[in-house]
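Student: Letter by letter, the chains look like this.
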Amino acid sequence: MTQNLTTAASVSDATTDRDNDAGKNSGWRRWWQPTLAVYTAPVILFVVVGIKLPSIFSKSGLLSVLVLAAVLGIACIGQTLAILIGGIDLSIPATIGLANVLVATLTLNHWSFPSICLVLFGLSIVIGVVNGVLSSLFNLHPLVVTLGTGSIITGGILEHTHGNTGGVVPHFIVDAVSPVGRSFGLPIPASVLIWLVLAVLVLLIERRTTIGRRIFALGANPTAAPLSLVNPVVTRIVVYTVGAISACISGVLLAGFSGGASADIGQPYLFSTITAVVVGGTALIGGRGGYGRTIAGAFITIEVQTLLIGLKVGVSMQQVFLGLIILALVATYGRERSVAQRI
Amino acid sequence: MHNKRRMQLSLVSVIVAIAFGVAACSSSGTGGGSSSGDYTALSPGQAKPNAAQAAALQKYIPAALQKSADGYWNWMRLGPNPYADWTPPKAPWQFCYSSAYQGNSWRVEGLDVAKNLWNQLKTQNLVKGSLIVADANNSATQQATQVNNMVQQGCQVIFAMQPSSTGLCQAYSHAHAKGVLVISMETGTACTDDIQMDFAEYAAGATSAQWLVDQLHGTGNVVMCDGIPGVAASDTRQAAAEKVFKDNPGIKISSITSQWTASTGKSQMLQFLATHPEKVDGVWDGGTCAVPAYQALQQAGRPIPFITGFEGGCYWLAAVKESGKPSIGFPQSGGQVTYMAFQVALHMLAGQKMKGNMVLYPLPTIDQSNFDQYYKPSYTINSTCNAEPAGGEPVSADFFSQLFSGGNTPAKLTSPLLSLNSN
Chain A
0 MTQNLTTAAS
10 VSDATTDRDN
20 DAGKNSGWRR
30 WWQPTLAVYT
40 APVILFVVVG
50 IKLPSIFSKS
60 GLLSVLVLAA
70 VLGIACIGQT
80 LAILIGGIDL
90 SIPATIGLAN
100 VLVATLTLNH
110 WSFPSICLVL
120 FGLSIVIGVV
130 NGVLSSLFNL
140 HPLVVTLGTG
150 SIITGGILEH
160 THGNTGGVVP
170 HFIVDAVSPV
180 GRSFGLPIPA
190 SVLIWLVLAV
200 LVLLIERRTT
210 IGRRIFALGA
220 NPTAAPLSLV
230 NPVVTRIVVY
240 TVGAISACIS
250 GVLLAGFSGG
260 ASADIGQPYL
270 FSTITAVVVG
280 GTALIGGRGG
290 YGRTIAGAFI
300 TIEVQTLLIG
310 LKVGVSMQQV
320 FLGLIILALV
330 ATYGRERSVA
340 QRI
Chain B
0 MHNKRRMQLS
10 LVSVIVAIAF
20 GVAACSSSGT
30 GGGSSSGDYT
40 ALSPGQAKPN
50 AAQAAALQKY
60 IPAALQKSAD
70 GYWNWMRLGP
80 NPYADWTPPK
90 APWQFCYSSA
100 YQGNSWRVEG
110 LDVAKNLWNQ
120 LKTQNLVKGS
130 LIVADANNSA
140 TQQATQVNNM
150 VQQGCQVIFA
160 MQPSSTGLCQ
170 AYSHAHAKGV
180 LVISMETGTA
190 CTDDIQMDFA
200 EYAAGATSAQ
210 WLVDQLHGTG
220 NVVMCDGIPG
230 VAASDTRQAA
240 AEKVFKDNPG
250 IKISSITSQW
260 TASTGKSQML
270 QFLATHPEKV
280 DGVWDGGTCA
290 VPAYQALQQA
300 GRPIPFITGF
310 EGGCYWLAAV
320 KESGKPSIGF
330 PQSGGQVTYM
340 AFQVALHMLA
350 GQKMKGNMVL
360 YPLPTIDQSN
370 FDQYYKPSYT
380 INSTCNAEPA
390 GGEPVSADFF
400 SQLFSGGNTP
410 AKLTSPLLSL
420 NSN
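Protein sequence lines, in the order shown, are assigned to chains A and B. Its first residue numbered 0, the first sequence is counted upward by one per residue in numbering that gives the first Met the number 0. Its first residue numbered 0, the second sequence is counted upward by one per residue in numbering that gives the first Met the number 0.
Hints listed in this document are in silico derivations from the structure and should not be mistaken for laboratory results. Where a beta carbon is used, it is the ideal one built from N, C-alpha and C, also for glycine. One or more of the hints may lead you astray.
To be verified - Over the 10 Å line for every Cβ pair with chain A, so calculated as not near, a few chain B residues: (1) Gly102; (2) Asn103; (3) Gly166; (4) Ser253; (5) Ala261; (6) Gly264; (7) Gln267; (8) Ala273; (9) Ala299; (10) Gly300; (11) Ser377; (12) Gly391.
To be verified - Straight-line C-alpha distance at most 27 Å; calculated DSS-like pairs for lysine-lysine: (13) B/Lys278 / A/Lys311; (14) B/Lys114 / A/Lys58; (15) B/Lys278 / A/Lys51; (16) B/Lys278 / B/Lys121; (17) B/Lys324 / A/Lys58; (18) B/Lys177 / B/Lys114; (19) B/Lys89 / B/Lys177.
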């Protein structure tokens with residue numbers, strides 16, 4: 000099995016950063032690799048924002064950007080993995096809304112925070128199993144399955160609460176997403192630390208574990224992957240469960256962010272999670288990319304929004320510029336060779 | 000030869016399709032009413048009324064209520080009462096409630112109050128059956144179908160809660176033709192077969208903006224936190240505030256948008272503050288943004304400026320109390336909307352007539368002078384309730400006598416609005 004996996008994983012290896020050492024390139028191309036562009040883009044963009052709007056370098060400016068990127072970055076974990084296996088997860092906004100409403104309403108009913116986390120963990124497994132099983136066994140496209148799951152979740156929230164989604168948000172959650180929040184005595188909001196820990200975990204799982212290699216193998220070639228003893232059903236269940244868990248964490252953090260709850264609170268995260276993943280350079284067809292790139296994509300997304308707001312660009316024009324910048328970035332480093340061309 | 004014939008057939012098909020399309024667009028665009036030309040045009044963002052809009056205001060709105068109708072052209076078409084020749088059915092009536100969406104506590108409160116009001120009428124044997132309720136889940140097509148179904152089910156009055164501005168005109172036209180009274184609540188529409196009812200959105204936006212200008216003595220940096228671009232009510236409030244600020248050149252405005260979602264409002268405000276080191280002297284709220292803006296300013300370590308409110312939520316009252324900074328807002332609950340719609344329906348069912356197709360009612364103001372009448376110590380920044388008018392009624396006693404004439408005395412609701420919500 001290990002040998003088979005190695006064969007399948009060779010596809011993923013070929014698709015990650017290592018293939019940037021293609022010897023054919025010369026001159027500036029040797030230095031301006033697409034992967035390098037992905038990771039330098041947020042830095043360059045941040046410098047541009049700083050030159051135009053120096054106040055971004057203030058403590059509150061930096062922490063505001065970090066907190067916003069953290070909430071988005073955590074929600075993107077599931078979207079990245081779903082896209083890596085050649086799928087997509089449209090149930091993320093609904094799952095964010097589910098966690099958001101449950102943490103507020105259950106706290107109002109005197110549930111302890113650990114009990115709420117257990118409930119959310121259980122529900123995440125249910126969501127992951129439903130998404131994974133339906134998109135595997137019935138050969139349904141994940142887009143349809145996750146859209147349906149999301150609709151069921153939102154409908155379930157509204158049916159259960161009769162639209163009365165308000166409640167109480169524990170104060171430590173409010174602190175976790177406040178730019179002036181502290182953790183372990185340090186002036187760093189807990190949401191940023193949570194993102195850091197999760198990012199390290201996801202990157203390790205992606206690159207150093209069997210399930211990580213299975214994810215890339217399944218995305219690179221869904222037909223060949225089962226021949227390499229990759230179980231598509233189990234892999235998809237794991238991916239969509241992780242996606243639901245990450246969406247729940249974002250939903251809980253957003254409860255502190257807005258001081259209230261709403262079933263629709265996750266809606267902006269449908270577009271922004273996909274944007275961050277695509278801008279990061281993870282291929283929508285699967286098998287190529289990774290969460291490291293998505294981290295860069297999340298920073299780019301937040302920085303572009305901040306720049307446009309800072310330049311007092313109107314709301315409608317913000318959408319136009321955001322689209323143009325995304326196209327420009329993807330055109331710059333989204334022209335990597337396909338898997339077939341690399342092997 | 001065959002190709003030529005096929006091309007001719009294709010051409011005819013295209014022409015027929017275009018003809019159907021034009022007919023359909025023409026029908027929906029004009030509201031399906033035969034006299035749609037009598038109604039003024041929608042003019043979003045227009046600062047002053049054109050001649051036709053000014054004339055319609057004089058013709059169809061009583062002089063005492065014209066102040067509340069200021070800016071109506073931003074989101075409503077004004078014209079003659081489509082139910083001028085309507086013969087109201089005799090009691091007991093079948094009431095129906097079609098909501099575009101029921102997914103938030105504001106909408107839930109609206110429906111809860113509607114059920115309560117219906118029960119009050121039931122005890123007087125004025126309504127029959129049960130209150131038929133439908134939720135369209137934000138789909139105009141679905142809501143149009145539901146309205147059509149309600150007509151078939153024998154509904155005599157249909158309350159449409161925040162329907163889409165367009166897309167339901169054919170359904171309203173069908174209902175109107177069947178003698179069913181349709182009242183669109185909390186929005187204007189492009190249709191001409193319904194009674195359009197809303198609070199004075201434009202006047203409220205202008206009032207809060209003027210309050211801010213007065214607090215700042217006409218000078219300062221103001222952040223406008225707009226609602227959802229493209230939504231008539233949001234654009235109307237924004238247009239009203241912009242006009243006030245432009246009339247005061249000492250006010251420098253910047254804009255963010257909350258999308259009427261607290262978390263988005265806070266994100267946008269944090270990003271604004273991160274990139275704007277200059278002092279923020281005031282924040283104008285176009286809806287759902289006062290508290291997120293307050294939290295963002297607080298967490299960014301900025302001094303708390305004057306922040307206007309809008310919908311008078313209990314969470315806003317708690318934030319005003321906490322900050323100690325004066326503010327302005329309006330008691331504008333979902334329950335208030337349905338209460339006003341029931342009152343309009345009862346007047347029309349009593350045979351009373353109004354000249355126009357539009358009811359725009361003024362909102363009471365919550366400010367420093369009456370803050371304690373609205374605030375309760377139990378309110379927190381997480382409270383989801385809404386303040387109700389301190390006097391118990393959303394409008395003064397003579398509002399309906401100014402709006403309606405003729406007919407009989409309408410049926411009375413036994414409990415005032417204030418007693419229907421237990422905040």
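Student: Run every hint past the structure and note whether it holds.
Tutor: Here's how the hints hold up against the structure:
1. Gly102: For B/Gly102, whose nearest Cβ neighbour in chain A is about 5 Å away, the distance does not exceed 10 Å, so it is violated.
2. Asn103: The assertion about B/Asn103 is violated, with a minimum of 6 Å to chain A.
3. Gly166: With a cut-off of 10 Å, B/Gly166 remains clear of chain A, as the shortest Cβ separation is near 21 Å.
4. Ser253: Not fine: 6 Å to the nearest Cβ puts B/Ser253 too close to chain A.
5. Ala261: 4 Å, violated
6. Gly264: 8 Å, violated
7. Gln267: 6 Å, violated
8. Ala273: 4 Å, violated
9. Ala299: B/Ala299 not clear of chain A: closest Cβ-Cβ about 4 Å, inside 10 Å.
10. Gly300: Nearest chain A Cβ is 6 Å from B/Gly300, so the label is violated.
11. Ser377: 13 Å, holds
12. Gly391: Holds, because the least Cβ-Cβ distance between B/Gly391 and chain A comes to about 24 Å, which exceeds 10 Å.
13. B/Lys278 / A/Lys311: Holds: B/Lys278 and A/Lys311 sit about 15 Å apart, inside 27 Å.
14. B/Lys114 / A/Lys58: Violated, at roughly 52 Å.
15. B/Lys278 / A/Lys51: 18 Å, holds
16. B/Lys278 / B/Lys121: 57 Å, violated
17. B/Lys324 / A/Lys58: This hinted pair holds, its Cα atoms lying about 26 Å apart.
18. B/Lys177 / B/Lys114: 25 Å, holds
19. B/Lys89 / B/Lys177: Holds, at about 15 Å.
Comparing the model with each numbered hint stated earlier shows that hints 1, 2, 4, 5, 6, 7, 8, 9, 10, 14 and 16 do not hold.
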